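Taking the hints into account, I'd like the entire structure generated from these sequences.
Here is how the chains run, residue by residue.
2 protein chains.
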Amino acid sequence: MRTDINRCHIINIGDEILSGHTVNTNASYMSSQLYDIGILTSRITVISDDAEEIRKALDQGIKDADLIFITGGLGPTNDDITKKTICSYFGYGLQFRPDIWEHIKTIFAKRGIIPDEINKEQAEFPDSEEVEYITNYAGTAPGMHIKAKGKHIFVTPGVPNEMKFIMSEYIVPFLKENISDDLYYRDINTTDIPESRLYSILISEADFPFGCAIAFLPQGYGVTVRVKSPGGENGREIVDSAFSRINGLTGKHVFAYDIINPHHELVRLLKENKLTVSSAESCTGGLFSSMLTDIPGSSAVFSEGFVTYSDDSKFRILSVNPQTLALHGAVSEETVSEMLDGLLAVTDSGVVCAVSGIAGPDGGTDKKPVGTVFSGFCLRKSGEKFIRRYNFSGDRLTVKKKSADKLAVEIIKQIGSN
Amino acid sequence: MRTDINRCHIINIGDEILSGHTVNTNASYMSSQLYDIGILTSRITVISDDAEEIRKALDQGIKDADLIFITGGLGPTNDDITKKTICSYFGYGLQFRPDIWEHIKTIFAKRGIIPDEINKEQAEFPDSEEVEYITNYAGTAPGMHIKAKGKHIFVTPGVPNEMKFIMSEYIVPFLKENISDDLYYRDINTTDIPESRLYSILISEADFPFGCAIAFLPQGYGVTVRVKSPGGENGREIVDSAFSRINGLTGKHVFAYDIINPHHELVRLLKENKLTVSSAESCTGGLFSSMLTDIPGSSAVFSEGFVTYSDDSKFRILSVNPQTLALHGAVSEETVSEMLDGLLAVTDSGVVCAVSGIAGPDGGTDKKPVGTVFSGFCLRKSGEKFIRRYNFSGDRLTVKKKSADKLAVEIIKQIGSN
Chain A
384 MRTDINRCHI INIGDEILSG HTVNTNASYM SSQLYDIGIL TSRITVISDD AEEIRKALDQ
444 GIKDADLIFI TGGLGPTNDD ITKKTICSYF GYGLQFRPDI WEHIKTIFAK RGIIPDEINK
504 EQAEFPDSEE VEYITNYAGT APGMHIKAKG KHIFVTPGVP NEMKFIMSEY IVPFLKENIS
564 DDLYYRDINT TDIPESRLYS ILISEADFPF GCAIAFLPQG YGVTVRVKSP GGENGREIVD
624 SAFSRINGLT GKHVFAYDII NPHHELVRLL KENKLTVSSA ESCTGGLFSS MLTDIPGSSA
684 VFSEGFVTYS DDSKFRILSV NPQTLALHGA VSEETVSEML DGLLAVTDSG VVCAVSGIAG
744 PDGGTDKKPV GTVFSGFCLR KSGEKFIRRY NFSGDRLTVK KKSADKLAVE IIKQIGSN
Chain B
384 MRTDINRCHI INIGDEILSG HTVNTNASYM SSQLYDIGIL TSRITVISDD AEEIRKALDQ
444 GIKDADLIFI TGGLGPTNDD ITKKTICSYF GYGLQFRPDI WEHIKTIFAK RGIIPDEINK
504 EQAEFPDSEE VEYITNYAGT APGMHIKAKG KHIFVTPGVP NEMKFIMSEY IVPFLKENIS
564 DDLYYRDINT TDIPESRLYS ILISEADFPF GCAIAFLPQG YGVTVRVKSP GGENGREIVD
624 SAFSRINGLT GKHVFAYDII NPHHELVRLL KENKLTVSSA ESCTGGLFSS MLTDIPGSSA
684 VFSEGFVTYS DDSKFRILSV NPQTLALHGA VSEETVSEML DGLLAVTDSG VVCAVSGIAG
744 PDGGTDKKPV GTVFSGFCLR KSGEKFIRRY NFSGDRLTVK KKSADKLAVE IIKQIGSN
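Chains as they are written, first to last, in our numbering: chain A, 384 to 801; chain B, 384 to 801.
Check each hint, because a few of them may be wrong.
Stated by the list, open to error - Selected chain B positions facing chain A (in silico; Cβ < 8 Å): (1) ILE427; (2) SER672; (3) THR691.
To be verified - The calculated DSS-like cross-link candidates involving lysine-lysine, where the alpha carbons are at most 30 Å apart (straight line), are: (4) LYS446(A) - LYS446(B); (5) LYS534(B) - LYS446(B); (6) LYS750(A) - LYS493(B); (7) LYS534(A) - LYS446(B); (8) LYS503(A) - LYS635(B); (9) LYS493(B) - LYS784(A).
To be verified - From the structure, some residues in chain B lie toward chain A, with a derived Cβ separation under 10 Å: (10) GLN416; (11) GLU500; (12) HIS647; (13) ILE678.
Note that these hints are calculated values from the structure, not bench results.
Since the structure is predicted, the reported quantities are computational estimates derived from the model, not experimental observations.
The beta carbon of each residue, even a glycine, is placed where N, CA and C say it ideally should be.
As structure tokens, this is what we get:
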């Protein structure tokens, strides 16, 4: 980290975030992009489209931070007051800019729409040399780069893909060039061991935390141990050495290193091993295949998946024996095993995987409470099947997510060890 | 809204949110739960596991808000300092509580694990009468309800399902009983009309905003017009009247009212019409079926789905003609039409739907750029097919999400109008 950049604030403006109707993925995107270029966000603040709130957050940002990122409230409607409020805060006027108006008309034309008079307000821009215009090729609200009071303040729309566009095309390149430096860390990805046990193992070493900052990140499918550089000249060597120590101490629970997420790692490993995968999902309802196909290039390893949600569809599509379903239930090792057999028969994939469980809120019994999930996979080459029973905690979506993630982790463990 | 409760702050503590590795779904869950009982969050602050930061956020909360919700940093490891910091802030000591230790051991036993000594710290609790113990049946870190300086401060773990448990079992019931009142609003859900056009239509009425607070919430699949009560005795009547006015003005673009999300509404409508649906997904990779099965009770309307990601699987599973694929491409009206035919043949569902597109980042051409998506559905009874071409903006995940949502919206429009 560069020592001349002390702190970074993200300010998200929008009632829809405060009311809980929109998840603040803008903040996580921005902070992860910043993290990747060595800038750690020190505070994220979400406030409403309210001039007084915006002023207070700006005051705080300018007092505490060197970099301020503001999103939202740049739309054409009456509740969008960010631009006006920022201008009055810094004492700028607003000026109609014909070049921005041309850009807005182009964007509308691409969508086959003629802009309204109301959109003309979006072509107004601060009349100060302190403010640089950032073209928003993905939308009509211009971005702003304000250099004032010794700070850099970046203002983008709240529409995710417009913000992302401005981040990747303007802000990140600018910061890379002018501000950031390496922030070095390594991740050790563990599974089947609780955070407290990991911690106990590590803290029993006399020189813990080995000169580094160590963080334990619970992930649902396991715990990631993050080893962060203390900074300074030998930061990288200190991290690498601590990483080896920790890996040696936790080895049998480690399934990967430095992964972005299990599905990303699974796609990478399948490619590396020239394997393809097919899935049969019951309780996850397609989440496993959706997360796999979130990864660009996944088409090289994923050809098809089946969401066999009803008992009948397990029989029709995968030839699961109705007697198996009647005797052991859809949520059983036996059913998952036959789902795997069905996949081997109807696909060509080298790896087939299947999951069946009770995501809740209903459907639980004493013997199989909500969160009971059977999942596993089979490697066509060896015919070996790996099926496990889980008892996941959490609500419906959490059980789905944990099931989809853990299935990927188990396949990674097996393929990665070959 | 009760006038004696002015403001509410949510403070989320956790480096993993600030680094962008974890999306802050805790804040959106809490704020939506609070919103539902009439409490509008005025600020969400995310800070690191740092005593000074926690103190600053507490200072601000106590100055500005009446209700403060704090999550995170209650784990057993060295980076978890929330409890200690709060105690030192309010001047409390910490005391080992045998009853909490028993609870922790029970939780561990359920997971088949013996607790470590380190977990004993989690059984320490503030020794003040100002702090009430909240049992965390989903985990080991106790919740706290602090009544100090005339404020209510609720502290929960950052693990989502533990936080959710404490919210639903303790905090929300407490607030309902003691604090909240109705916050009345109506939503008009529109599609195929831009926010600026909606705004222009409404603002041309002389008495806009009809005595209400009107918000425009862009949703990817459309814009939701939210009509909020101005408060006071006739708030409900004023909202209902404005709702009718706006509905009359925007009618042909309205596809639903007050929906939670399109898939929720789709499940409701299918149930109401005694219909089932099957899906064939290419670019969405299972996201449509996953979102549908996020809805409890969806098994009544969804039996099976197919993720036909490769050309070959479209042919093998859905009998799409290879010539159609060669001539028109997988991303075409013709292919989607044959995917629908295939679904009609291999399923019994009354509604079948299919989607094929280019989610990016690669695969785009001049004629079919990234974001080009064909999707549609067919009603078995009439045989009618409804297929549309879209040009969605955004990155891979945004295109997937917009495709899955818009497909649901189009089915809703059709079934809802019958």
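So, going through the hints one by one against the coordinates:
no.	hint	result
1	ILE427	4 Å, holds
2	SER672	4 Å, holds
3	THR691	6 Å, holds
4	LYS446(A) - LYS446(B)	18 Å, holds
5	LYS534(B) - LYS446(B)	10 Å, holds
6	LYS750(A) - LYS493(B)	14 Å, holds
7	LYS534(A) - LYS446(B)	27 Å, holds
8	LYS503(A) - LYS635(B)	26 Å, holds
9	LYS493(B) - LYS784(A)	21 Å, holds
10	GLN416	7 Å, holds
11	GLU500	7 Å, holds
12	HIS647	13 Å, violated
13	ILE678	9 Å, holds
When held up to the earlier numbered hints, the structure conflicts with hint 12 and nothing else.
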